[in-house]
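Modelling step: build the complete structure from the supplied sequences, incorporating the hints.
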Amino acid sequence: MNTVLLDSKIIRQQTVSSELVNSEAVELLSRLTRRKLHHKQITHELIFLASLVTMTLGVMFADGVVKESETELLEKTIEQLVPSKGDVTVLIQQLIDGNRENAVYQNPSEWLKLTASLSQQERTLLMSFAYEMSVVDGKIAISEKEYLKAAANALKVPTQYTEVLEAWYGGKEVQESAWNNLQDFINPHNFSHLNLRFVSLDAVELLSRLTERQFVKTDINDTLIFLSVLLIITWGVIEADGMQEEAEKKLLAKTIKRLIPRNNNQIREIMEILLYKVPQTGIYQHPQEWLKLATSLTEPEKILMMSFCYEMSAVDGDISIEEKNYLQSAATLLGIELKYTAVLESGFGGDGIDDTTTFDELQSLIHPDKFQEMDEVFVEAARYIIDSLELLSF
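Note that the working numbering has the sequence shown beginning at 1, numbered continuously upward.
Hints listed in this document are in silico derivations from the structure and should not be mistaken for laboratory results. This list has only true hints and no planted wrong ones.
Okay, derived cross-link-like pairs now, BS3-like style, lysine-lysine, Cα gap no bigger than 27 Å in a straight line:
no.: 1; residue 1: Lys145; residue 2: Lys67
no.: 2; residue 1: Lys254; residue 2: Lys370
no.: 3; residue 1: Lys277; residue 2: Lys250
no.: 4; residue 1: Lys217; residue 2: Lys145
In structure tokens form, the structure reads like this:
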């Protein structure tokens with residue numbers, strides 16, 4: 001199947017009213033899913049996911065051969081973005097089937113109905129997913145490059161961003177300033193309104209560099225990010241007072257192993273590499289680096305992670321001034337309120353918890369139910385931290 005290049009006459013200016021765009025999107029989504037959908041059912045999240053499915057299918061079919069690795073990547077991408085089961089995942093599968101049957105990905109006059117309401121940042125993020133799909137089989141084929149270029153033109157994505165994406169996914173060097181500009185533009189923080197779990201290219205690049213492996217976004221889930229940031233910050237605590245206590249190192253290794261989902265050998269292997277590499281690289285001294293990982297963590301995840309950091313800082317019976325300063329600095333960078341770290345410090349530091357109001361708030365924030373979508377070990381971990389703090393509160 002040949003790639004259908006986009007005719008500039010077909011590409012409509014974004015002057016269409018939002019009401020018309022929504023009506024067209026509703027009609028198209030209804031047709032693809034074979035459901036009678038209504039405006040109220042069409043969320044911005046669904047529009048983005050539908051656009052993502054369409055764009056990546058366009059890349060998959062661009063060279064006429066859909067490889068198993070491409071199909072697997074699309075499935076993993078959807079699973080990563082929408083981890084919970086429910087009507088959204090059913091709708092997405094129907095959209096994939098409908099797209100395959102109707103080849104909407106080849107018809108810009110059709111798929112632009114979906115993307116018309118998306119911001120420029122969301123369109124650029126779409127292109128990053130499309131480029132990732134193009135290299136899943138090892139290289140970007142000429143037909144895929146043509147499709148990507150035509151799609152980017154249709155979406156009006158600035159060439160300054162697509163050039164960086166093509167170079168990076170093509171294994172070429174990228175100028176640091178250009179890379180940083182792209183990362184700022186498509187930082188996961190910019191898409192919190194979509195209620196989806198995005199992994200930044202910065203996180204992919206950093207973990208690839210630390211482990212000396214080449215990762216893609218679907219290799220990096222919230223569990224791996226949580227454990228990686230926990231390891232980095234905790235090692236910073238271990239080094240903070242200039243003394244590497246053996247008890248601290250043992251508890252760190254034990255905690256990391258305990259938080260690895262059962263039978264997940266891939267994460268176990270990666271964490272074993274990081275336990276060796278983090279002390280070597282000194283990344284714990286460079287928050288501008290490890291924050292690239294932490295940006296996609298939720299507030300409950302950040303607080304739960306810092307809870308373990310405070311617990312480990314007190315394993316030798318006392319939290320030193322240097323450790324307190326390092327932990328508070330890390331928490332501030334993560335955007336955690338001082339009142340919560342004060343509770344963690346007083347609780348694990350052995351002073352007891354006087355601020356019961358904040359303690360109640362903290363317990364609510366890291367309630368086990370908040371971690372149902374990650375893994376059962378994190379549900380248990382949240383319960384363990386709450387129980388530990390309750391015992392230490394007296």
